[in-house]
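Peer 1: These protein sequence lines map, in sequence, to chains A and B. Each step along the first sequence adds one to the number in the numbering used here, with nothing skipped, and position 135 is 135. Each step along the second sequence adds one to the number in the numbering used here, with nothing skipped, and position 406 is 406.
Because the hints were derived from the structure by calculation, they are not lab data. Source: prediction; values computed, not measured. Hints may contain errors.
[Claimed, not checked] The following label-pair restraints were derived from C-beta to C-beta distances:
1) D40/A / A282/B: 48 to 56 angstroms
2) Q348/B / R201/A: 42 to 50 angstroms
3) R220/A / Q454/B: 26 to 34 angstroms
4) R220/A / I309/B: 48 to 56 angstroms
5) T230/B / S166/A: 25 to 33 angstroms
6) A35/B / R220/A: 26 to 34 angstroms
7) R216/A / A195/B: 38 to 46 angstroms
8) D224/B / R201/A: 39 to 47 angstroms
9) T284/B / R216/A: 40 to 48 angstroms
10) A281/B / P116/A: 42 to 50 angstroms
[Unchecked claim] In silico DSS-like cross-links for lysine-lysine, where the CA-CA straight-line distance does not exceed 25 angstroms:
11) K162/A / K123/B
12) K186/B / K200/B
13) K322/B / K53/A
Glycine included, each C-beta is placed from N, C-alpha and C at the ideal position.
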Amino acid sequence: MKKNISILAGAALLALSSLASAQDAQVGSSTVYLGLAHIDVNSKAAALSGGSKQFPEPGAKVRVGDQTTTGFGYVYRFAEQWSGELVLGLPPSHKVYGSGVLQNVGQIATVRQMPPTVFVNYHFGPLLPKLYPFVGLGLNYTYFEKTRSTPSGDAVSGGPTKIYLSNSWGAAAHVGFTLRYNERWSLVGTAAYADVKSNLRAVTTTNNGEETLRTRINFRPMVYSLSLGYSF
Amino acid sequence: MNRHFPLAGLALAASVLLSACGGGSGADSDDQPAARGTVVLGQLGGQATIEQINAGTAAKGIQSLTGAAKCGVDVHYVYYMTRDPGGNPATASTAVLLPSGTDASCTGSRPVLLYAHGTTTTKSYNMAQVTTNTEASLVMAFYAAQGFIVVAPNYMGYDRSGLNYTPYLNAESSAVDMIDGLRAAKNYLTSAGTATQPSKKLLLAGYSQGGHVAMATQKVMERDYASEFTVSASGPMSGPYNLVGFGDTIVSPQGKVNAGATLFLPLMLTSYQKAYGNIYAAPTDVYQSPYAATAETLFPTDTPVADLIAAGKLPNDTTFTKLFGTGGLLTDSFRSGYATSNYRKALQTNTLLDWTPKHPIAMCGGANDPTVFYAINTTAAKTALSGKGVPVTAYNLEDATSVGPTVNGAFLQAQAGTSAAAGGGTAGAAAVQGAYHGTLVPPFCNVVVRSYFQQVLAAGG
Numbered sequence: 001m002k003k004n005i006s007i008l009a010g011a012a013l014l015a016l017s018s019l020a021s022a023q024d025a026q027v028g029s030s031t032v033y034l035g036l037a038h039i040d041v042n043s044k045a046a047a048l049s050g051g052s053k054q055f056p057e058p059g060a061k062v063r064v065g066d067q068t069t070t071g072f073g074y075v076y077r078f079a080e081q082w083s084g085e086l087v088l089g090l091p092p093s094h095k096v097y098g099s100g101v102l103q104n105v106g107q108i109a110t111v112r113q114m115p116p117t118v119f120v121n122y123h124f125g126p127l128l129p130k131l132y133p134f135v136g137l138g139l140n141y142t143y144f145e146k147t148r149s150t151p152s153g154d155a156v157s158g159g160p161t162k163i164y165l166s167n168s169w170g171a172a173a174h175v176g177f178t179l180r181y182n183e184r185w186s187l188v189g190t191a192a193y194a195d196v197k198s199n200l201r202a203v204t205t206t207n208n209g210e211e212t213l214r215t216r217i218n219f220r221p222m223v224y225s226l227s228l229g230y231s232f
Numbered sequence: 001m002n003r004h005f006p007l008a009g010l011a012l013a014a015s016v017l018l019s020a021c022g023g024g025s026g027a028d029s030d031d032q033p034a035a036r037g038t039v040v041l042g043q044l045g046g047q048a049t050i051e052q053i054n055a056g057t058a059a060k061g062i063q064s065l066t067g068a069a070k071c072g073v074d075v076h077y078v079y080y081m082t083r084d085p086g087g088n089p090a091t092a093s094t095a096v097l098l099p100s101g102t103d104a105s106c107t108g109s110r111p112v113l114l115y116a117h118g119t120t121t122t123k124s125y126n127m128a129q130v131t132t133n134t135e136a137s138l139v140m141a142f143y144a145a146q147g148f149i150v151v152a153p154n155y156m157g158y159d160r161s162g163l164n165y166t167p168y169l170n171a172e173s174s175a176v177d178m179i180d181g182l183r184a185a186k187n188y189l190t191s192a193g194t195a196t197q198p199s200k201k202l203l204l205a206g207y208s209q210g211g212h213v214a215m216a217t218q219k220v221m222e223r224d225y226a227s228e229f230t231v232s233a234s235g236p237m238s239g240p241y242n243l244v245g246f247g248d249t250i251v252s253p254q255g256k257v258n259a260g261a262t263l264f265l266p267l268m269l270t271s272y273q274k275a276y277g278n279i280y281a282a283p284t285d286v287y288q289s290p291y292a293a294t295a296e297t298l299f300p301t302d303t304p305v306a307d308l309i310a311a312g313k314l315p316n317d318t319t320f321t322k323l324f325g326t327g328g329l330l331t332d333s334f335r336s337g338y339a340t341s342n343y344r345k346a347l348q349t350n351t352l353l354d355w356t357p358k359h360p361i362a363m364c365g366g367a368n369d370p371t372v373f374y375a376i377n378t379t380a381a382k383t384a385l386s387g388k389g390v391p392v393t394a395y396n397l398e399d400a401t402s403v404g405p406t407v408n409g410a411f412l413q414a415q416a417g418t419s420a421a422a423g424g425g426t427a428g429a430a431a432v433q434g435a436y437h438g439t440l441v442p443p444f445c446n447v448v449v450r451s452y453f454q455q456v457l458a459a460g461g
């Protein structure tokens, strides 16, 4: 991952050092971009409830780990200072760790999510030569497509465990900049926040039947991205 | 040229980006599980004062054996990470009974007794419940109140453990659990910074199933963990050390079924089926109907055994000996195929006669034990393990020349008391049989073993 970032940084420096001048995207133009997105999850969740095993304060909790993935998307400039954007990415898998009383257990699950997000962006004039800031408001849909309890998760839960996460709709906002190398190529950086909340159910098969633990996770993700864009 | 440079960089960056895929979701991308002996939860559960301990031993009439308490006891509880027989992460819990008080024998660095409890079918069994758990209160009075730090794991499958069976009489797995429980207890006491801390002296003891566990732990510790732990001595009590010989006795048509067999066999069959996978293709291969439907997942459970019998899940026999025949637990084909069965091979694997102890062993039991037969287990183990360089003793409570006239006399008197309370005669004899393994022998063997440990420690062992 470090290698990828250094290559991106190299490309950015090259773009900065170029002497060519560039205007921001033209009305009616499309831009596709590809880059890296780091999802910095700051999850909050109440202690797991239900089940037969009671734990003292602060209870058995979960914490969702960060992940970096390949991000890509499409931007359509529908007015001089306005664009519509669809943000996609390769679905990132997040490690889920024990927290609270379960702090020392380590990774207890893996969840893979698909978080497509649409934005309407407002683009400002150049802040520095070739550097165009923008802000955007949008809507995020997070679809949890693959979940798995690890052997450690099963050990704590008391048997083979299936994890279910409800899908989430929520508002999203981001700020960013476009560093326009020329009319075709640009470098785009963003910092985004999305409102992602999901109900977690962990269903464990024990000798006495199924046991279900529940909590609601507020993911509170900050997503930092750096991408290369191609406009046409 | 200048223009091509960034484009080449872009192409390269794009190809690298496409290979960054957001992390795998497969098991191969999982973090390593937490280390064995990692403390998940440790807490002080309660305290027993000297007065409370003395009141308890007086009420049970065993204070002449335990002695008056020198120390109060802080009852700690530790929930920890270990590994199941397949090497997968597992959780288990242990009691840590810590001497407290001002007596010199209760403070500073104290020897550790790693204690292995006897068979229980009760899922919520917890050696930290010293007020309600008879075995825990006995161990507290005999050892913790006399200055030993007692670490008493509950075993995988019990209490908060996530394992949905227990690796019953699985020598290697039991040793791993005991070792990790000891590690977790020591980690916990270090981080808790308690005034009383473990010394390097380590003693191993256990009763019944725990006798087997204690001996297995010594074997594995001396073989694989010699740089981490040094066993001063062990005191396995009333244990089935010779599982294959014991099994041959119980299962052979000419043999004798031991008291408790209908509880022990489901525990063993499930344990070995989980560990080795080849004991049966289907439960109906070994269990009669209707027991086959539920026997595999019957234990551990918090449903009382009487309720299980009432529900038709165990043979209706309060001596728990109805192993074979009409209405019995196991099939005739299991019995007839026993000699060449994988079950017998599993018993052989877990038999503890073929190893070389590096530190002294003092076994103890009663020769008339109807539950774990003495001669086939204790005498056989003494014969097999003796003459290998360290003292191996077998104390027989029925023999005055073995345990001395005082202990022997008191043991015989306790049996007479139990018999008389039941009205003597046949009823009295039955009462003695019923109480022999679980009630009569334990306090006497513990006094013998503790005395042996004190001698070993006094001699610098």
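Peer 1: For A281/B and P116/A, compare the CB-CB distance with the range 42 to 50 angstroms and indicate the outcome.
Peer 2: With a Cβ separation near 49 angstroms, A281/B and P116/A satisfy 42 to 50 angstroms, so the hint holds.
Peer 1: With respect to the beta-carbon atoms only, verify the hint that R220/A and I309/B lie 48 to 56 angstroms apart.
Peer 2: holds (54 angstroms)
Peer 1: Sort out whether K53/A lies within 25 angstroms of K322/B, counting only the CA atoms.
Peer 2: Roughly 35 angstroms separates the two Cα atoms, so the pair is violated.
Peer 1: For the pair R216/A and A195/B, does the Cβ-Cβ distance stay inside 38 to 46 angstroms?
Peer 2: holds (43 angstroms)
Peer 1: Below or equal to 25 angstroms on CA atoms is what counts here, so check K186/B against K200/B.
Peer 2: holds (11 angstroms)
Peer 1: Between D40/A and A282/B, is the Cβ distance one that fits in 48 to 56 angstroms?
Peer 2: holds (51 angstroms)
Peer 1: I want to verify a distance hint. Is the separation of the beta carbons of T230/B and S166/A within 25 to 33 angstroms?
Peer 2: With Cβ atoms ~54 angstroms apart, the hint is violated.
Peer 1: Quick one: are T284/B and R216/A within 40 to 48 angstroms, going by C-beta?
Peer 2: The hint (40 to 48 angstroms, Cβ to Cβ) holds, given that T284/B and R216/A are roughly 45 angstroms apart.
Peer 1: Please check whether Q348/B and R201/A have a Cβ separation lying inside 42 to 50 angstroms.
Peer 2: holds (45 angstroms)
Peer 1: Given the hint of 26 to 34 angstroms, is the C-beta distance from R220/A to Q454/B inside that range or not?
Peer 2: Given about 59 angstroms between the Cβ atoms, the range is violated.
Peer 1: Under the criterion that the straight-line Cα-Cα distance not exceed 25 angstroms, is the pair K162/A, K123/B satisfied?
Peer 2: holds (23 angstroms)
Peer 1: Between A35/B and R220/A, does the C-beta distance stay in 26 to 34 angstroms?
Peer 2: holds (30 angstroms)
When each numbered hint is compared with the structure, violations occur for hints 3, 5 and 13.
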